[in-house]
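J.: Below are the chains, spelled out letter by letter.
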Amino acid sequence: MIRSTFSSASLRVSAGFAAGAVLLFAVAPAALSDFRLGLLAKYLCIAMVAVGIGLAWGRGGLLTLGQGVFFGLGGYAMAMHLKLTDAGPGQLPDFMQLYGQLDELPAWWRPFASPYFALPAIVLLPMIVAFGLGSLVFRRRVRGAYFAILSQALAAAMAIFLIGQQGTTGGTNGLTDFEGFFGYDLDDPINQRMVYFIIAGTLLALLLLTRQLIRSRYGELLVAVRDSEERVRFLGYNPANVKLVAYVVAAGMAGLAGALFVPAVGIINPALIGIVPSIEFVIGVAVGGRATLLGPVLGAVAVAWAKTALSEQFPAAWTYLQGLLFIVVVAFLPGGLASLITLARRRFRRTSEESTAVGKPPSPAPAAAEEVAA
Amino acid sequence: MTRFRGRRLAACAAILVAAVALAACGSKTGQNTSSGGAVADTSGDTVKVGLLNSLSGTMAISEVTVRDSLLLAIEEINAAGGVLGKKIAPVSEDGASDWPTFAEKAEKLIQQDKVAAVFGCWTSASRKAVKPVFEKNKSLLFYPVQYEGLEQSPYIFYTGATTNQQIVPALDYLKSQGKTTIYLVGSDYVFPRTANKIIKAYAAANGMKVLGEDYAPLGSTEFGTIVNKVKASKAAAVFNTLNGDSNVAFFKEYKSAGLTAASMPVVSVSIAEEEVKSIGTQYLDGQLTAWNYYQTTAGAANDKFVKAYKAKYGADKPTSDPMEAAYVAVYLWKAMVEKAGSFDVEKVKAAADGITFDAPEGKVTVDGATQHISKTARIGKVGSDGLITEVWNSGSPVKPDPYLKGYPWATGLS
Chain A
2 MIRSTFSSAS
12 LRVSAGFAAG
22 AVLLFAVAPA
32 ALSDFRLGLL
42 AKYLCIAMVA
52 VGIGLAWGRG
62 GLLTLGQGVF
72 FGLGGYAMAM
82 HLKLTDAGPG
92 QLPDFMQLYG
102 QLDELPAWWR
112 PFASPYFALP
122 AIVLLPMIVA
132 FGLGSLVFRR
142 RVRGAYFAIL
152 SQALAAAMAI
162 FLIGQQGTTG
172 GTNGLTDFEG
182 FFGYDLDDPI
192 NQRMVYFIIA
202 GTLLALLLLT
212 RQLIRSRYGE
222 LLVAVRDSEE
232 RVRFLGYNPA
242 NVKLVAYVVA
252 AGMAGLAGAL
262 FVPAVGIINP
272 ALIGIVPSIE
282 FVIGVAVGGR
292 ATLLGPVLGA
302 VAVAWAKTAL
312 SEQFPAAWTY
322 LQGLLFIVVV
332 AFLPGGLASL
342 ITLARRRFRR
352 TSEESTAVGK
362 PPSPAPAAAE
372 EVAA
Chain B
267 MTRFRGRRLA
277 ACAAILVAAV
287 ALAACGSKTG
297 QNTSSGGAVA
307 DTSGDTVKVG
317 LLNSLSGTMA
327 ISEVTVRDSL
337 LLAIEEINAA
347 GGVLGKKIAP
357 VSEDGASDWP
367 TFAEKAEKLI
377 QQDKVAAVFG
387 CWTSASRKAV
397 KPVFEKNKSL
407 LFYPVQYEGL
417 EQSPYIFYTG
427 ATTNQQIVPA
437 LDYLKSQGKT
447 TIYLVGSDYV
457 FPRTANKIIK
467 AYAAANGMKV
477 LGEDYAPLGS
487 TEFGTIVNKV
497 KASKAAAVFN
507 TLNGDSNVAF
517 FKEYKSAGLT
527 AASMPVVSVS
537 IAEEEVKSIG
547 TQYLDGQLTA
557 WNYYQTTAGA
567 ANDKFVKAYK
577 AKYGADKPTS
587 DPMEAAYVAV
597 YLWKAMVEKA
607 GSFDVEKVKA
617 AADGITFDAP
627 EGKVTVDGAT
637 QHISKTARIG
647 KVGSDGLITE
657 VWNSGSPVKP
667 DPYLKGYPWA
677 TGLS
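Note that the protein sequences, when read in sequence, are chains A and B.
Residue numbering for the first sequence follows the numbering used here, starting at 2 and increasing by one per position.
Residue numbering for the second sequence follows the numbering used here, starting at 267 and increasing by one per position.
These are computed hints drawn from the structure, not numbers from a lab.
Because the structure is a prediction, the values reported are computed rather than measured.
For each residue, glycine too, the CB sits at the ideal point set by N, CA and C.
A short, non-exhaustive set of chain A residues, derived as facing chain B with CB atoms under 10 Å:
#, residue
1, D178
2, E180
3, N270
4, V277
5, K308
6, A317
Just need the whole structure built from these sequences, with the hints factored in.
T.: Here's what the structure looks like:
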């Protein structure tokens with residue numbers, strides 16, 4: 002009996018991923034215009050950050066209000082590489098010639114000319130920073146609001162630093178106007194489509210990775226740390242290390258998201274990495290349902306989509322409507338959008354049990370329901 | 267169990283293979299397959315134009331006035347029969363004071379709404395963010411705000427002043443007044459830093475001395491230290507490139523330090539009538555500004571503009587330089603389209619050179635080579651009624667020179 006439910010759960014997960022893949026790779030590109038597909042690419046990047054937050058906050062209880070820092074590190078690493086490639090060897094990027102009053106490339110820019118440095122840096126740089134900060138903070142048992150404030154201060158500091166260094170970072174303008182992406186011309190709609198496919202593929206891969214993590218022994222431990230850190234410590238584990246892993250993984254995901262955001266949207270600037278965007282990432286996760294696998298993705302995409310749709314319909318009043326939306330979700334759906342699916346499933350199961358149906362229909366979001374059961 | 271794990275892995279592998287396969291469909295640089303450019307939809311009896319301004323966020327206070335001014339111009343043109351027999355239908359989008367949002371909305375206006383032209387943007391950062399979007403789509407942006415020069419995009423028309431129409435005349439004016447020592451105060455972003463670079467080059471070549479240069483973060487309201495340094499420097503004048511709220515704090519501190527327009531005048535390049543109102547006239551009385559237009563500028567065209575604006579939006583609403591430049595932009599676009607006989611972007615661009623318009627600021631002429639317009643430079647003094655009156659002007663419109671090529675001292679700046 003246990004074996005059969007277990008394997009049917011696995012089957013449902015495979016079916017879920019297959020459905021997600023069909024949706025992202027076949028339905029969306031066919032149904033959406035180039036412009037809308039570009040927007041979806043942007044939403045999916047935000048969803049990648051959300052997956053990481055879901056792991057760190059939803060499963061690990063770490064309220065990371067500073068994911069913008071890692072998003073920015075990845076984004077700037079990618080943007081610096083693209084800028085240097087556009088400029089050509091030995092040349093300064095266009096904005097440096099304008100504002101920098103520099104004779105040569107600053108030393109810390111130089112390694113980013115090589116894709117062999119820039120590409121690993123996209124993920125490793127945020128992870129290293131997260132590791133450094135996390136090991137300091139978690140060892141000292143800083144948690145709750147103090148951790149949230151600390152991570153937010155880091156986001157503010159990074160944004161201020163970037164604005165101040167106009168000559169070498171582009172200041173408030175950020176880095177923009179990218180011509181190519183590893184030899185592909187970004188002006189061409191076909192290549193924009195390619196960027197979308199890379200982003201969609203990466204998101205699915207990250208979801209898979211997260212699912213494996215959640216279901217592993219480590220995943221159980223992470224939830225245990227969230228719910229009762231002291232008890233885990235008495236059992237002989239070091240909660241600091243458990244939290245550190247979740248934090249570092251989430252940072253890596255944010256970095257990857259930032260890097261893919263750059264070719265998809267065409268700009269990275271301090272306004273994307275400061276306090277406000279960092280909070281917006283978390284809002285998406287909260288709206289979607291933080292403790293589930295798919296909740297953060299749904300929430301991030303829904304919030305970003307609502308922002309676009311509302312601001313297009315009501316350019317003068319959309320901010321109020323967006324605020325209203327958050328209040329409604331938090332007040333009436335504290336479990337987030339994912340709890341809607343669970344509610345629907347529960348009702349469906351009840352009716353199907355009554356009608357004694359044998360074959361189970363494919364579920365829209367099997368993982369979400371599974372988490373509630375876990 | 268293993269059977270299912272195997273199946274799952276196979277599914278993941280299939281997804282990744284599919285992703286890579288699809289990714290490989292991209293075309294390499296140089297084999298661009300797109301015909302390039304979104305075509306404006308002019309099939310109906312209306313033609314859409316985009317209005318891209320921040321209606322929310324820090325910049326909203328300034329940019330909403332520009333949007334209002336654009337709507338006034340569109341309303342007037344429609345009442346007079348439209349453009350090429352078509353009524354203009356404005357599509358407004360909110361840039362939300364956020365540069366990536368500006369880029370997103372620009373793309374939306376061009377690709378979804380298929381507008382014939384877009385009017386808007388205020389900060390240089392927002393312009394830099396949308397520039398690649400307009401160039402990629404081969405679509406037109408009319409940018410109505412004075413800026414730091416050193417730019418010339420083939421798909422942007424600049425109807426605000428470039429540096430040789432605002433900053434350089436302001437320096438000429440200070441020099442003619444015998445002010446040979448100046449202190450530079452600015453917000454920490456692109457425009458002030460670039461403007462100060464130009465000011466320092468000018469000063470070096472004209473026997474002026476820059477006694478100090480200080481930057482405050484955008485939105486900063488802490489000016490005690492800076493004002494003390496300014497006071498201690500005993501400079502003859504201050505050149506102010508602060509933006510937004512910072513001006514309020516700066517001028518309050520300036521006044522309480524005992525500095526006045528008589529003892530040490532401040533020349534501001536980002537304070538127009540709207541800002542005078544929010545800073546408070548008592549702090550600005552007698553201080554100088556450099557623009558191309560004031561509400562008090564004499565002329566029938568301006569009387570008509572001010573009257574129409576107040577009739578539409580209220581008698582207490584002042585008109586300012588960026589609003590005027592936005593209003594002019596719509597009329598210039600109309601003239602270009604009519605000369606070209608088409609809404610086609612390339613034809614409109616080709617028709618642009620030499621187009622003139624009797625603007626509220628006086629006659630302006632489009633320079634086809636730089637896509638800027640010639641403008642009369644004006645130095646004004648803030649009066650106790652909150653309005654700015656002209657104390658000096660350049661006599662005739664100044665030809666735009668965004669890269670300051672006609673100024674020997676400016677070589678090496680760009």
